[in-house]
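There are 2 protein chains.
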Amino acid sequence: MSALIDLPTNLLPLQRFVVDALVRVEARFDAQLRSDLLPVRRLCQHVERYRGKMLRPMLVVLCGLAARDAGGEAEGDDEFAISDDHLSLAAVCEMIHMATLVHDDVLDEADTRRRGDTVNRLHGNETAVILGDYLLSAAYHLCSGVPGEAGRQASLLIGRTGMTLCAGELLQLHHRDNFSLDEQTYFEIVERKTGSLIAAACRLGALHSLADSAAASELAARFEKYGMKLGVAFQIQDDLLDLTGTQSVVGKSVGKDYELGKLTLPIIHHLASADEARRGQTLALLSEHTRDDDHAPARLIGALESTGSIVYARAAARA
Amino acid sequence: MSALIDLPTNLLPLQRFVVDALVRVEARFDAQLRSDLLPVRRLCQHVERYRGKMLRPMLVVLCGLAARDAGGEAEGDDEFAISDDHLSLAAVCEMIHMATLVHDDVLDEADTRRRGDTVNRLHGNETAVILGDYLLSAAYHLCSGVPGEAGRQASLLIGRTGMTLCAGELLQLHHRDNFSLDEQTYFEIVERKTGSLIAAACRLGALHSLADSAAASELAARFEKYGMKLGVAFQIQDDLLDLTGTQSVVGKSVGKDYELGKLTLPIIHHLASADEARRGQTLALLSEHTRDDDHAPARLIGALESTGSIVYARAAARA
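These protein sequence lines are chains A and R, in that order. To convert, note that position 26 of the first sequence is 34 in my numbering; the numbers rise steadily by one, no gaps. To convert, note that position 218 of the second sequence is 226 in my numbering; the numbers rise steadily by one, no gaps.
Intra- or inter-copy, both count: the list cannot distinguish identical chains.
Below, a list of computed lysine to any residue pairs in the SDA-like style, where the Cα atoms sit at most 20 Å apart: (1) Lys264 <-> Gln245; (2) Lys264 <-> Tyr58; (3) Lys264 <-> Gly132; (4) Lys264 <-> Ala118; (5) Lys264 <-> Asn133; (6) Lys264 <-> Asp125; (7) Lys237 <-> Thr193; (8) Lys264 <-> Leu248.
Since the hints were derived computationally from the structure, they do not count as laboratory data.
Make the full structure from the sequences, and use the hints.
Written out as structure tokens, the structure reads:
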């Protein structure tokens, strides 16, 4: 776990604090999913193995610490401190994320996730759909346990974020195989589908470190904006890995996006900037969706490189 | 709508009140699902057409009225009165129910629901999965809007109920094609999968009419128990319709349960009480799962009648 966070040595105490917090988040996550039914327990144990970077919980914790400093709430001897609610909200964000992974694997017909078999592969689509619903319900239940008006605001934000996230996925499905998808719509999809939950994690972390005030609200909005930008960059990077990565390195099925008619930033940029002939060739490559053609991925990447579209997407992620 | 509630004439004012309340629940339901994205709006409009009996919202309203009388909270000139929160909670229960219908249709590979095409039929399984998630999120968001500690308790109950409901479905999937499923496990599945949400609707309606007290808590538990029994009876009836109904009358695909290896009460009773030879014939009939054999349903019903299993299930529903 410690290798996941790459920090200068003077930040080692912070690193230790965050790692310790994430261990407590994991424990809360597992306790919340516990069921009296053995088949349900077994499925949850399988899903717990999906846990990877813990990006969203880490952001709840880090933004909680940062807002406490920035908002002048830090006092006394405690160099680092977050509340019990931060741990619950961190687990909530990871649980919602996990639910979307389980359901995404059904949509993407994916077999591999974090180097293991997906739930749909092992137990069928039906079980994967209901298990995702179980995770969503468990997340909302855990969130509702956060007391007071701050808890209610967290539940409203998590509910609203769930709606936004799904609306983004539905917009993406609506544009499946739409080869004239523009960048604006792509960013609209990505902001909702990926940015919204990461933004919510940052906002929740910050809000729960601050006393209720106009200044706190403004500060939380800035953390939220940071999360949105991070989320979009993260998704572009993920889309690039789907194109250029290999399953053994990425740890999940790759090449699924264009197989499923999902246009991502490098392809959108390429189709908009290629000349007529090149564009025609790429469209033919995309519309074939041929999984059997082993050379198709390499040919697609060659095409994307010819218009500088991979470089363009990398730069967009960095920006 | 008015024909849905069959009441003696002296209860006509009550009927008018309930019908009026359900119209307001529908308006709240539709407002909550509204999206700024046209494809999402269109999908929600399709789902709104699924609305049928509105059993769960009706129970929130009726239990709200009954608990007010029973708890001695009714006073003044208002013969009937429920709060604004009752309307929200009624819409919440219907939204969770609708989410399970949309996902069930994916699991059951059903084409028809309320005499119209299912979402999965029209837009594919992917869209149906995400639309169900959107409905779940919208339900939790609406529930989190109910203010105060009572609202928080409602959110906890709804989150917990979502988990129970999914655990019931997962248990059912686990026992798919298990021809030695016993009645106890069947009731365990049905109580969770169908009973829990109907029980929650009754409890929420009652709780939100009562001041916080030990007597109120006991009364709410009795309403909840009533809901559980009603829910179980309802599910047995639904299972019978799947066996003995026709699509034109029931308004949704029939014969799906045994096609999908789901054992229901009449079949469980039959397998437990038939003699060896008869049991063997029925198992052969069930394990074939032949959709093409037009005579299979009639043969199955004949077998069930020979052991009095349809009558047995009808009696169980009535009890």
